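Work from the hints to combine the two standalone chains into their complex.
Going down the list, the sequences are from chains A and B. In short: position in the first sequence from 1, add 1324, done, that's our numbering. Residue 3 in our numbering is what sits at position 19 of the second sequence, and the numbering runs on without skipping anything.
By construction, these hints were calculated from the structure, which means they are not laboratory data. None of the values given here were measured: they were computed from a predicted structure. A virtual CB, placed ideally from N, CA and C, is assigned to each residue, including glycine. Don't take each hint at face value.
Unchecked claim - Which residues of chain B face chain A? A few of them, derived with a C-beta cut under 7 Å, are:
1. Asn126
2. Ser129
3. Leu130
4. Leu137
5. Leu140
6. Glu165
7. Pro168
8. Arg169
9. Asn176
10. Asp262
11. Asn430
12. Thr433
13. Gly437
What the hints assert, rightly or not - Label pairs and their computed distance ranges (CB to CB):
14. B:Arg246 - A:Met1550: 16 to 22 Å
15. B:Ala183 - A:Ala1440: 39 to 45 Å
16. B:Ala61 - A:Ile1485: 26 to 32 Å
To be verified - Residues from chain A shown here face chain B by an in silico Cβ test under 10 Å; the list is partial:
17. Gly1362
18. Gly1367
19. Lys1371
20. Phe1495
21. Lys1502
22. Glu1559
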Amino acid sequence: MVIGTIALNTFREAVRDKILYVLLVFGVLMILISRAIGWVSFGGETKIMTDIGLASIWIFSGMVSIFIGTGLIYKEIDKRTIYTVLSKPTERWHFLMGKYLGLLLTTLVNMLVLSAAFIGYLWFAGAPVTLALAQALFLTFIEMTVITAVAIFFSSASTPILSAIFTTVIFFSGQLTKWVVDLGSHPGVTKSAPWVSDLLYAGYLVSPNLHNFNIRRSAVLASQEMAQLAIPMNEMYACTIYGLAYAAAVLLAAQLVFARRNF
Amino acid sequence: MNDPALQEFIQRVAQAQHHQQMAQIGYALYWVLFGLGIGTMLFGALLPRRSEQATLIASGRLQRLSLHRGRIISSGAIMLLMLCAISQQAGIDQNRGFIADKEKRYEKEMKRLAERKDKEAALRSEYMYMPQGDSLILMSANNPSLAADYVWLTSLQYVTNSFRRQQKFEMLNRFYATMQELDPRWVESAVNAGKVLSALEPDRFKVEQFYIKAVTNNPDSLDLLYEAGRLFVVPPLDPAQQKKYSDRAVGWFTRLRDKVARQRDSPARAATLRELEDLIARLGLEAGYYKTAAELLFRHATDEANPSAMRAIAAQDWLTARSLALVEEINDLSEAYKKENGRPPAALDVLLEKLPDGGREYKRDAFGFPMEYDPATGIASSRGSNARRAIQAAAIVNDLILIFGHNHQRTPRDLSELQSFVHGYYDDRHNTASHNVIDAIGAELNVITGPLGPWQYDPEKGVVLLPPYASTQTLFKNAERLWKRFLRGEVSQ
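Bound conformation, chain B alone (with noise of 0.2 Å):
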């Protein structure tokens, strides 16, 4: 019963049955409607003519009816015209169809089409009755306001399932660019339009594009930038696009903070700049702009207008973002090391000590742990951020372990056992894994190894288990000390 085929097949058998019973009493009245036609036709012919009333032997009501004669009979043959008209009107419906009709029969020929020719020729097929922005200003008499409501208008009818077809985002992109091209002022359809072709398209910078034509029409509009952020704040599909996103959707938002910064002073914009650059703040992490994104994450922490809730989240970020900055710098420094001497330093003192007091504020990480270096790589690491994912990441591959006992009634024996569960309960086809996962784990979901080096497993209690710093209260409490230490100017920033 709850079947949602069996529903809609029920529901178009009613819809029939309706149509069927609209059909008939059509029908009826119709014939009622010509033999009233007919009657008031026959009527007024057989009324007597004016010039008759003379020799008439008729009732007063009669004579006073045959001065109508003419009124009646046109009225009779009105009715039968209108009749003649709505028959040939059903019967030309009936061979056209409707819209709806018409949109089926042209898909069927346009799925042909594609077959037949290449995708190229169907889209241009499609494109024919959709003219080009300067025919519809002169179709329209210089009124290019007005063509572009049509052409969004128009345009809404393909956004909705109702007419399906091929190629939606190609469609779509060239009745929004029509629009564009009429009335490039228009902020708030372009705003919606790129909202539309965004759930179309997963590459977002195809997508991108229709904004900085937008953008480019009206370079005052806060809320394009704001939109052609946010375009990229939502995860990529490919996990491996991640960075770029983030890096594409920092240079807008900082590109409308700039704007906003160079507004009058009042609360709302102060309000608008803390939420940019909270926002800037967080995608630059992820970017790996992490010195911009410590800076400003510094900056809410410490900022009084806000919440106190906000400026402990702001802080805690702080302390990741601060620990991966230093760690850029360090390996920034053994990286020029390398190239003058061919070799990586063989330890992270030799690279601290040419610096200014000794290079004091690199050897510990935000969190306050001794920094991680790897003599081998030359690359430094945080035990505190890395400490910071593998919670996340221990919290994936915890839950990875129920959904194995949920399967097997059982824990998985080791690690080995519990990965290729993972493998093939993501499949590829019919189960993707999530971006959570995949940011925990990584693309290739190794759960035998995590940031803290391989995981370890405690078979009988089916989880993996944590070093002891690596706890949120243990982490945070180093830090709180740090931040303190940080607030009172003990530490440089």
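For reference, chain A alone in the conformation it holds in the complex (with noise of 0.2 Å):
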């Protein structure tokens, strides 16, 4: 109930913030533009607008939750109105799953108002839409479950410049991770120093590996060959699960970091 009402709060705050409807209207004409670019190509429009359209939604997406997220918190302890709350019989995780649910919430509305903008405009310009293309939007959506909270973890700990900056880090570099990886196991690395190898793969496994979530290629081959699925459900629940898993692992570090928090 408590956790509710304080994410329906902070949804509401965030949809008073100009910086939300600066982002969805860049999102919009960002999709709309799209198909101007896929008439300069010679062929591939439909393939163009679809991988423009995606990425888009994933980058607008991840600025919201990134813009938005990182100064949830240090805004509260800033205006001192987190005393306020956290005065009545709240925990104060409830406080911290409150504002991650609540900008969850924003995240949410967003990415279906760019989405619905993406799919009707793909739909108008007779490009082909499957489910393919949904699975990479609900993807996307658990990615950004992941970015929100590593953005309410640095917020709860960090100013909001420094929150942002780690945050878009994250939200880059956890694209490469696997690049990490296959720098491990390149020939000369495994020859002179096989453990580096190994701690690579060992930072690999505990860092946020957000290009589970990047199927957007597939999804639009998949829509252009007119098939449903870009990848297999049993593989979708799988990074379901690990997004869902690692968010709620940085949540409850957010909350270790909030709790011993002095303001």
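Pasting the structure below:
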């Protein structure tokens, strides 16, 4: 009940934030402009439209999570409004969860608006629309649950600027963690210092591997070939469970940090 | 007035005039806005501050305006700052130039580099701004599909003439290879890329490498197999390559045919198979796969699903294929005999008597003519198929005689005179012989001897004459009788 109230309040507050509308407008604009970019191309117009649309939803949803999430808790502390909340019979973790769910709801609404614009535009332009695109969008949302959790974690520990920097770094580097493991399996490394590749692999397992949720290429190809699914359902469940588990772990870590924070 | 260079010059002058006009308007507008900005700021500055309102003897309008003093000054300042930025931007653009200017400067540099250093170094410098596929995946934060779109769109500017670069084929080949690396299953772009490359590079085998990579990435793509085959359908610039090209095309289309054959039965599949088999048959004829071509053409000629006109054409082509298949078999037997006995057989009957039924089916070609045999060389030939070639060759030679007539206002005295004229007419630099001409009279442009031996030339009429049997009507009339016997099963395939 408390968590729900805080979540709804957070959502209402976030919706009043102008940055959300700026990002939403730019996101929709990118989706609309994608057709013009497709026109310049010699063939593959619908493929380019779908690529740009999915990538825009990914990046703008990420930006919503980062820009709004990284200042969420710090703002409350700075304005001293956190005292009014915590002075009530509310646990700190209620507050944290409420903030997280509120931000997640904001991201979800943002994604729904962008997805509706995207799918509608694709359908209007005669581009193929299949369930594969829905799969990609769903996993993008799961990715945002992780990023939102990361944003909340840094927000509860640090200033907005630093939180934004760290969260953005994780947002992009999370896509490339596989390459780090590849580095470790380079023959030069395995010969001279095999422990490096083990260390890198351990680091890989622990870091947020956001590339798991990136099935945009498969989704675009699947929709072009009019296939219903981009990836098998069991793989999708595995990615979802990974995302939710990782987000829960990060939130717990945030709770540990937040519980000891003095303000 | 119709001179294209003059038209281009006039267009450029008109464009320059238009630019000058726009520059003058822009310049005037700039100063108007500058004045407006200064005026707005000054006006705002002169308005009394709110604290001074008490001492002000002013109208209500001025009082209301003074409430917005800050906003008025800010608007003026914004205008001035924007104008400052615009003027700076114009200066930067003048120094750096736009993309087309940059391209021109870059081209000059590349030409200079190519003169100083070797071609490879120049090419490497051009490559420098196009990263490898791996780097693009990293730079696009693991969005390889988007990166592939970027590479494709970038490559398009090098296809048109707007951005001229040296070694276009090598440049674009690299772009397309990067694109394939990033998004190997983007078949549509691979098909279009292959078409672009084939237009830039006369050596089709080089372009085929691109298709091989694309097909390896997309083994189930029928479009790629079809385009790879079509690559070799257009006649080569070097006629000596024709057989090789046809052979390659047959390979690709056969592979495609096998894939289509494995699909579920449907009218579309049947139509596709017919089209492919027709292509394989005709290309097979050019490549020397006479037996395969004969089988396929026979099937088409007897397929009720085919329109009657197509069946008639297939039947006629079958005659040639069947005749050449028989010739090939006889020549193989002759070769074997030569190896065994150290000399070719003295007569065709010597070869055929050893075959079942006395080799009855080899005695005549599919057109009904007796098989011709040269005991000196041991090589057989089909009079019917030679006659068919002669009909085409005669048409070409007669056209050349007409061209001679246009140039000299008379017919050639003899074919030697025509020969000298033809060699001079088809000068390598200015006027090359078309594929049809080379196909008919050979790469040496021989107008003295045809497929049936030396031409018979009538200098009064100015035409080469064909023997009575070498007319389309006679040829196919003969063949029609045989074809009907064939369909009745009186003659084996």
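Here is how each hint holds up against the structure:
A distance limit of 7 Å between C-beta atoms decides the matter here; for Asn126 of chain B the minimum to chain A is near 4 Å, and the interface restraint holds. With a cut of 7 Å, the hint placing Ser129 of chain B at the interface with chain A holds, because the nearest CB-to-CB distance is about 4 Å. Checking Leu130 of chain B against chain A by beta carbon gives a least distance of about 5 Å; that is within 7 Å, so the hint holds. Taking 7 Å as the C-beta contact cut-off toward chain A, the hint placing Leu137 of chain B at the interface holds, the least distance being around 6 Å.
The interface hint given for Leu140 of chain B holds, since its Cβ lies 6 Å from the closest Cβ of chain A, which is under the 7 Å cut-off. A distance limit of 7 Å between C-beta atoms decides the matter here; for Glu165 of chain B the minimum to chain A is near 13 Å, and the interface restraint is violated. The restraint placing Pro168 of chain B at the interface with chain A is violated, with a minimum CB-CB distance near 10 Å, outside the 7 Å limit. Proximity of Arg169 of chain B to chain A holds as hinted, the smallest CB-CB distance being about 5 Å (cut-off 7 Å).
Checking Asn176 of chain B against chain A by beta carbon gives a least distance of about 5 Å; that is within 7 Å, so the hint holds. Residue-level restraint check for Asp262 of chain B is violated (minimum Cβ-Cβ distance to chain A is 27 Å; threshold 7 Å). Taken as an interface hint, Asn430 of chain B does not check out: its beta carbon lies about 44 Å from the nearest beta carbon of chain A, beyond 7 Å. Below 7 Å, beta-carbon pairs count as interface contacts, and Thr433 of chain B has none with chain A, the closest being about 48 Å; its hint is therefore violated.
For the restraint placing Gly437 of chain B at the interface with chain A, the shortest Cβ-Cβ distance is roughly 52 Å, beyond the 7 Å limit, so the hint is violated. A hinted range of 16 to 22 Å holds for the C-beta pair Arg246 of chain B and Met1550 of chain A, which are about 20 Å apart. Under the hint 39 to 45 Å, the C-beta atoms of Ala183 of chain B and Ala1440 of chain A, about 42 Å apart, fit the expected range. A beta carbon spacing of about 28 Å between Ala61 of chain B and Ile1485 of chain A agrees with the range 26 to 32 Å that was offered as a hint.
Interface restraint check: Gly1362 of chain A against chain B, minimum CB-CB distance 9 Å, threshold 10 Å, status holds. A cut of 10 Å between beta carbons decides the hint on Gly1367 of chain A: the least distance to chain B is about 5 Å, and the hint holds. For Lys1371 of chain A, the suggested interface contact is upheld, since its CB lies about 7 Å from the closest CB of chain B, less than 10 Å. Among the interface hints, the one on Phe1495 of chain A holds; its C-beta lies about 8 Å from the nearest C-beta in chain B, closer than the 10 Å criterion.
Restraint check, Lys1502 of chain A versus chain B: the minimum CB separation of about 8 Å is within 10 Å; hint holds. Using the Cβ-Cβ criterion of 10 Å, the hint placing Glu1559 of chain A at the interface with chain B is not satisfied: the shortest such distance is roughly 17 Å.
Hints 6, 7, 10, 11, 12, 13 and 22 from the list above are not met by this structure, while the remaining hints are.
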